Amino acid sequence: MASIVQGLSNAMLGPPGAKQPPYPGKQYLIGGNWKCNGTKESVAALVTTLNNAGDIPPWVEVVVGVPAIHIGTVLATLRRDISVAAQDCSATGFGAYTGELAASMLADFGVPWVILGHSERRTNQKETSALVAAKTKQALDAGLSVMVCVGETLEEREAGKIDAVVLDDHMGALKGKFSDSEWARIAIAYEPVWAIGTGKTATPEQAQEVHASIRKWLSANVSPAVAQKTRVQYGGSMKGANAAGLLAKPDIDGGLIGGASLKAEFITGIAANAPEPKP
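Residues in the sequence shown are numbered from 0 upward in steps of one, following numbering that gives the first Met the number 0.
Honestly, I wouldn't trust all of these hints.
[Unchecked claim] Straight-line C-alpha distance at most 20 angstroms; calculated EDC-like pairs for lysine to aspartate or glutamate: (1) K199 - E155; (2) K136 - D107; (3) K199 - E157; (4) K215 - D168; (5) K199 - E119; (6) K228 - E275; (7) K125 - E155; (8) K248 - E181; (9) K25 - D54; (10) K215 - D179; (11) K215 - D167; (12) K34 - E126; (13) K262 - E40; (14) K228 - D179.
[As the list claims (entries may be wrong)] Label-pair restraints from in silico Cβ distances: (15) K215 - K39: 44 to 52 angstroms; (16) T48 - T97: 34 to 42 angstroms; (17) D167 - T202: 17 to 25 angstroms; (18) G94 - W58: 36 to 44 angstroms; (19) K176 - T97: 22 to 30 angstroms; (20) T122 - T91: 19 to 27 angstroms.
Hints listed in this document are in silico derivations from the structure and should not be mistaken for laboratory results.
On a predicted model such as this, the values are computed, not experimentally measured, just so you know.
Ideal placement from N, C-alpha and C gives every residue a C-beta, glycine not left out.
Please model the entire structure based on the sequences and the hints provided.
Printed below as a string of structure tokens:
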């Protein structure tokens, strides 16, 4: 058994690659969400594509959200300068919770990130903001970093409820729950739900407006220092054709990318084109 565990630990180091030294400033966070996609064959092919997709700038951190069943394979084979995230974890730890995936299991397996509160889970699994906050606490306590997703539907936007949904509800559930040191391991992924998988994209100006509101909320409800340091990602159909324009906005610190994360474009068109931050 010990040899099996050691072999798995060695495999999780992944293939040799240009692991970047720590970047001295705030990095963009380019997250990929593979959603419920992938066979053993297609995941192996995608990993090969990403491994051969070229250099990632040192001012960019890249993470891919992998279906749970494929996490072990991806940890063992993906280049070392791309981290792995789970797409969810439970609000509970070990115990009689059939079908759940505990944050401590992910940490034990070497997974550094988890995506929580994605709009598809808020909609399809009826996850509340309180549940997302509880899951976030579990993940942080296990040592994970978290991408917390927030965002409004088209109906909510047209009804003028953006602030009520994104700030009062989704962000509001996080208020007072975490220390500044825990906030250092939280990123906020703004998802205009109406722009996910529809081919529609918020204009850079629309995205910047909401991102700025999120940062203002962080400043008022957590601290100005946390607001400055927290990375706010754009999660509404970012792709190679629009990434540079979105990432050029002052409050857009990265992306949470769906469809384009299943292609070389995720690196070549998005991560590689993130503009170098100004000193």
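Verification of the hints:
1. K199 - E155: Measuring from Cα to Cα gives roughly 16 angstroms; hence the hint holds.
2. K136 - D107: Given that 20 angstroms is the threshold and the Cα spacing comes to 17 angstroms, the pair holds.
3. K199 - E157: holds (15 angstroms)
4. K215 - D168: holds (15 angstroms)
5. K199 - E119: The hint holds at about 17 angstroms.
6. K228 - E275: holds (17 angstroms)
7. K125 - E155: holds (17 angstroms)
8. K248 - E181: Violated, at roughly 26 angstroms.
9. K25 - D54: Roughly 19 angstroms between the alpha carbons, so the hint for K25 and D54 holds.
10. K215 - D179: holds (16 angstroms)
11. K215 - D167: Between K215 and D167 the Cα gap is close to 13 angstroms, so the pair holds against 20 angstroms.
12. K34 - E126: holds (17 angstroms)
13. K262 - E40: Roughly 15 angstroms separates the two Cα atoms, so the pair holds.
14. K228 - D179: holds (10 angstroms)
15. K215 - K39: 44 to 52 angstroms: holds (45 angstroms)
16. T48 - T97: 34 to 42 angstroms: holds (35 angstroms)
17. D167 - T202: 17 to 25 angstroms: At 24 angstroms between Cβs, range holds.
18. G94 - W58: 36 to 44 angstroms: holds (42 angstroms)
19. K176 - T97: 22 to 30 angstroms: holds (27 angstroms)
20. T122 - T91: 19 to 27 angstroms: holds (22 angstroms)
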